[in-house]
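The listed protein sequences correspond, in order, to chains U and A. Position one of the first sequence corresponds to residue 1 (my numbering), numbered consecutively onward. Position one of the second sequence corresponds to residue 366 (my numbering), numbered consecutively onward.
Derived from the structure by calculation, the hints contain no laboratory data. The beta carbon of each residue, even a glycine, is placed where N, CA and C say it ideally should be. Treat the hints loosely; a few may be bogus.
Quick look at which bits of chain A chain U covers, simulated, 3 or more residues with Cβ under 8 Å [as the list claims (entries may be wrong)]:
no. : stretch
1   : 375 to 386
2   : 403 to 413
3   : 420 to 428
4   : 445 to 456
5   : 492 to 503
6   : 511 to 525
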Amino acid sequence: MERFNICIIGGGPAGLRAAIAAGSAGAGVLLIDENDRLGGQLIKQTHMFFGSEKQDAGTRGIDIAEQLVNKVQGMTNVKVYLRCAALGLYDDKVLTVLHETKYRKIRAEKFIVATGASERMLAFPGNDLPGVYGAGAVQTLMNVYGIVPGQRVLMIGAGNIGLIVSYQLLQAGVEVVAILEGSPYIGGYLVHASKVRRAGVPILTSHTIMQAIGTNAVQAAEICALDSHWARLPGSEKTLEVDTICLAVGLSPLSDLLWQAQCRLTYIAELGGHVAWRDANLCTSEPHIYIAGDVAGVEEASSAMVEGELAGLAAAKSLGLARVDVDTAMSQAREQLIALRAGPVGEKIRTGLALAQMREDEQHA
Amino acid sequence: MLKQTGVPSADDLKRVSPSEERLALGPVAIIECFQKIPCNPCATSCPQGAIKPFVDINDLPDFDPALCNGCAICVANCPGLAIFVVDERYSEDTALIKLPYEFAPLPEVGAMVGVLNRGGQQIALGKIVRVQNPPRFDRTAVVHVEVPKCWAREVRFLALGANKR
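So here's chain U without its partners, still in its complex pose (with noise of 0.2 Å):
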């Protein structure tokens, strides 16, 4: 069985991060991914980051997956293992795995489950039909395999998901005839919705999809207003020819891992689901298991990737690993994230967070 000092479940933002930090401070890390490279969400995310310089603010996603793999690749006492899939969280510090095609067990001191966050799914009519995608397929055909999923898409949800993929429809030269969204208002950022609306993109809020018509394959969508109550206008139906219908409607922390480890989880709707506790450097009810990124809740990859630093500094010091000015460098993180969410667009997040944190009283010692 292979030892590590720590192990962090997830390659994406707030994994790379986490693996960066722990690295850097000496320990032994191990970081898996299921797929076949390494960065998550962020190899297809095309556009520049918000955020300040301190979370690369201006970068494109893209770019900053580079640095950070190159960052981890550079790194000796950073391991990667790829196509390899957590199976099983235990009492006993053990990961099992699926590498390739190879089951393994793992121990390590201290593991950090970076997972992520999985699209949720809309119940209508004909959404099993092919030409139904989540928004997060959708960018991965286009930003990563350079394939388009249609020529006329008809985008479900308003929130930055669904007004940045539409966004990178059009610049694919694919048609968007429409985004819909349910509540009154855009979730998304704003500037997003006006870049997306000024190349011709209606917006439609307070709308709906009530099913999609088709045979062998999605060829229209029939979409409807909604009242104040999210009931259907009578006489508001429409139908929108498209051969695309793309679902953004919101991800679920994906916590699977954590439910099977016994980590105390909560419903924190705010935070997009079942997360688990965590105290204020992100370690779970279980003293062996941090966390960070969209499986503590889900938000934007600047702070998953502020989060990953945190767990990753203090999984490290935890064993004693630390760099000499670790407090400090934890103590900035916190600040940041306290930063990144200060603002009227953290505000679902606060709350969340509020019901998620352990008191102090409940923390580890």
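Take the given structure of chain U and dock chain A to it, following the hints.
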């Protein structure tokens, strides 16, 4: 309403517009950023000190049009593509708009293209005067388009595909 359609209202725009006096003096940035989000590259990229450093990363830009020379570095650096430079002194009857553009192929200098307002409607034709796409702009080109002066405060995008003709 901006939060429902993505199109800023006249009142929103009034809050971010430089004064008539400043607009009459020539190129100046118009920062169409109306929502407090954690983002500050406009301030860190401005070589003129016209966009003040942020105290809180969630602040709206604090912009002094008197210090702005319309260089458009912020136009390429704004992750929200929300900044435009308008030069209403460009000629007797035309104005120059510098706008961020991330579509391939880039328009060719000299081409006449459809120009769109904030709602995506084509309102006029404009002439491409210059296309800035240096490496430091990191693939956000800044397109300079000459438009009839009466549309200077409306034109914010180019018709997609117009450049393919």
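Quiz item: Tell me, which hint numbers fail for this structure?
Solution: 1 and 5
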